[in-house]
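> Read off the chains here:
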Amino acid sequence: MTDHPVPDAPDEGDLPEVDPTFELASALHDGEAADAERARAGAPDQAALRLVAAVARQVGDVPSPPAALLDAHVAAALAELERASSDRGTGAGAVVTLAERRPWWQRLPIAAVAAAVAVVALAGVIGLAAARDDGRVDDDSATAALEAGVDAAEDEAGDGADDAGPSTFDAESGAAAGGTALTAGERPAYASYDELAAALAEQAVARGSGEPDAAAPTSDATAAPAAPPAEEHQGSAAGCDAVGAVGVDPTGVQQVVPALVADRLVTAVVHGAGGERTLSVVDDETCTVVEQRPL
Amino acid sequence: MAAAQGGDRAAMDALLRRHHHRIWAVCRRLAGNDADAADATQEALLLLVRRIGTFDGRSRFTTWAHRVATNACLDELRRRRRRPVASLDDEHEPPAAEPGRPGLDTAVSDRLAIDAALQQLPADHRAVIVLRDVAGHDYAEIAEILGIPPGTVRSRIARGRRRLADLLGVSDPSPAGNQPAAPDRPTLQP
Numbered sequence: 001m002t003d004h005p006v007p008d009a010p011d012e013g014d015l016p017e018v019d020p021t022f023e024l025a026s027a028l029h030d031g032e033a034a035d036a037e038r039a040r041a042g043a044p045d046q047a048a049l050r051l052v053a054a055v056a057r058q059v060g061d062v063p064s065p066p067a068a069l070l071d072a073h074v075a076a077a078l079a080e081l082e083r084a085s086s087d088r089g090t091g092a093g094a095v096v097t098l099a100e101r102r103p104w105w106q107r108l109p110i111a112a113v114a115a116a117v118a119v120v121a122l123a124g125v126i127g128l129a130a131a132r133d134d135g136r137v138d139d140d141s142a143t144a145a146l147e148a149g150v151d152a153a154e155d156e157a158g159d160g161a162d163d164a165g166p167s168t169f170d171a172e173s174g175a176a177a178g179g180t181a182l183t184a185g186e187r188p189a190y191a192s193y194d195e196l197a198a199a200l201a202e203q204a205v206a207r208g209s210g211e212p213d214a215a216a217p218t219s220d221a222t223a224a225p226a227a228p229p230a231e232e233h234q235g236s237a238a239g240c241d242a243v244g245a246v247g248v249d250p251t252g253v254q255q256v257v258p259a260l261v262a263d264r265l266v267t268a269v270v271h272g273a274g275g276e277r278t279l280s281v282v283d284d285e286t287c288t289v290v291e292q293r294p295l
Numbered sequence: 001m002a003a004a005q006g007g008d009r010a011a012m013d014a015l016l017r018r019h020h021h022r023i024w025a026v027c028r029r030l031a032g033n034d035a036d037a038a039d040a041t042q043e044a045l046l047l048l049v050r051r052i053g054t055f056d057g058r059s060r061f062t063t064w065a066h067r068v069a070t071n072a073c074l075d076e077l078r079r080r081r082r083r084p085v086a087s088l089d090d091e092h093e094p095p096a097a098e099p100g101r102p103g104l105d106t107a108v109s110d111r112l113a114i115d116a117a118l119q120q121l122p123a124d125h126r127a128v129i130v131l132r133d134v135a136g137h138d139y140a141e142i143a144e145i146l147g148i149p150p151g152t153v154r155s156r157i158a159r160g161r162r163r164l165a166d167l168l169g170v171s172d173p174s175p176a177g178n179q180p181a182a183p184d185r186p187t188l189q190p
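Quick note, the sequences are listed as chains V and Z, same order.
Residue numbers for the first sequence follow my numbering, beginning at 1 and rising by one.
Residue numbers for the second sequence follow my numbering, beginning at 1 and rising by one.
Please note: incorrect hints may appear among the correct ones.
[Stated by the list, open to error] Which residues of chain V face chain Z? A partial, calculated answer using Cβ under 10 Å: (1) SER64; (2) LEU70; (3) ALA84.
Since the hints were made in silico from the structure, they are not lab data.
Just so it is clear, the structure is predicted and the values come from calculations on it, not from any experiment.
Glycine is no exception: its CB is placed at the ideal position from the N, C-alpha and C atoms.
Just chain Z, with the same shape it has in the complex (with noise of 0.2 Å):
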């Protein structure tokens, strides 16, 4: 880590590619599809570069990459809703199923369930279900991330996931769900 601030090259090298796949996680389940994600990924790396100096060690270095990573990603997300960009709709388009591998097209389409029930939450209930479900973070390490009380992590999450499981339609046996199915269901797979 000293290495890596003293501008270290091959510290930074072997710092950067330890958190790149995590990193990526949490992007590609802010943003919703893999384009954004990478570009996001991008930001992310480059903006951990420069402000790497600014770690004092307060927290652990991954709590603080990913506070560095999230804010990247929501910002550049923010950033694209401000002006037009490219459609991707050849993206989100789903692979014909190929014969003899039925399974495929079912992963592929609950792959864009999730990202499209995802895109419908409110971007600070996706951010803790993000860092909760993706990142692993503990609900301290979201609070500490996102700058908002644990509390309110706690209750982002219950309604995000009770949302989510609205929107993927996945049955719930339990008495607590008595909400109605959302009657704008992205696609597919109870």
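Excised from the complex, chain V in its bound form (with noise of 0.2 Å):
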């Protein structure tokens, strides 16, 4: 036995495209063209057709598992349901509010920090006009504001921890049971992780540059949340430890961000020491790291 990393897998997009005939017979294998294509392209291609049979024989050969390991395997998973299930009794597992459990950034109502966004831009603008018509910047004026601003969102964020009302976290699942966790529409949306990964990656830069986050993702529905300090962060906003399922050191996580990504509920964990950053994308509902590369 000697130690080896396992290595990497091709990286997507090495394999070129196919023919349109293949592609057309590897669908027709799968009863998975439609009738305008079929007769479109009329007589299938039977040699294709027998290629794409014959590969798709061979992967669908599993070895069967070897005979004791269902029962080690049910077995092992029956203990942790007793398990979940025991400290439910115990009290482990008893009911605790969620804004307890939630970081404060979480417990925020989106309203309250887009009226803080919004608050913090409208003084920069009246600080500018303040500029450009007396040459300086009055200073009154603009921390007036900002004061009006901060008093808005800490009224709206009281209002939404009201709002809240006594929800509760199943500590079995990790489910949010009546949570305040951004739903689809709150998340910024992509329509893959390449933009998910091009967005966070001009986030960086724009920070690097002391500009402010022009790269922050965005969505149709409602401005996107702006992305806590690191520090702030412990999870994902479905009751899935985002950063523990990626099962790096939380200290060199430097930015956990829920995304909508095909639909799909997901949270974004920057993380990496140096030079280097790793985008590890976490499914909210499974709890699983779905995609991981550097940024």
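Put the complex together from the two separate chains, hints included.
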């Protein structure tokens, strides 16, 4: 037995495009070709169909698991079930309020965050206008606007906490039962992981140059949630410990951003040390890492 | 299902046994060897138990379970890539052919070849092919499981199969098969 790293599989995009005839044969084999497509293509390519069938047969011919494995796996899973039940029975999984479990930034309603951002922006505009008019920034007016904005945001936050009511947390599944988790409409939406990675990379560049988060993800529903400092983040908004799921040292986590990618609720975790940054995307429903790449 | 979600041990036992073989098969093909597949399957079942409360019935349970399992398997394999692991070379050594059973070594070699070939595919191409040819999901279900568009599922399956055919040395008499055979073909069995 020797220690060695498992080699990485080739990167996505390594495979060349195939002839449309072969792709159609593949779809036909799977019963996934549309009628119009079949009609357009005429008689299917029998040789390509045979080739597809031969490959599919080999892939599908999976060796059976070792006999003892089923019992061992089921026993371990049932032990997990009992452990969770036991935790509930002893109070280890007792119901606690979400407000107590969540970091402060998750307790702020989106409306409050958006209001605070808007007020800060407004203050900047007022300050710039004053500077243009008078040749100097009117500190008093800008400060007053900021204070008013903070007050408004705090009021909103208080209302949101009240609205949340006696929400609960299911300790076994980790699922929020009455939660304030960001819904799909409240999250920045992306069509693909590539888009998400690009937005986060741009965000990092903007931060590095001292600019505001111009590349913060956008959503057609709401303003994107500003990415809070990494040390404030514990996990995703769906009751899944995203950082734990990634399995990295929490001190190396730089950003945790809830998002919606291809209609899937995910949490992006940016982590790394030195100049190296890695993006790990955690599926909030399954609490597993579904994508990982250098950023 | 409801009983299992409610924590009923017998119901959960039956549910896990019903789905174990298929989840094993998916993990086995994704992992490429028995040892990693065993660990990944275990992780998948543990995750199913932990997350079953989140199943809301919007999709078929099998689709949901395979989504959890596939993600768990890929996650487990990704973790293994990040750390050194014990060599499994012994496991990959084909057993010597037994006298009087000439077909056995061929069957084993075939399995090794398909394992090796699948491991040469990008993980996302491997996943779509395994979910199609091992788990039997249709393209829409695979799209849901992996969170990608159905059109991407279709193209990845076709590209992956084309590549596998080259790697396995499956002869292609069709005019569409105009790609050269890969130089790193894993072993045997045309």
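> Against each hint, give a clear statement of whether it holds in the structure.
Consistency of the hints with the structure:
| no. | hint | result |
| --- | --- | --- |
| 1 | SER64 | holds, 8 Å |
| 2 | LEU70 | holds, 5 Å |
| 3 | ALA84 | holds, 7 Å |
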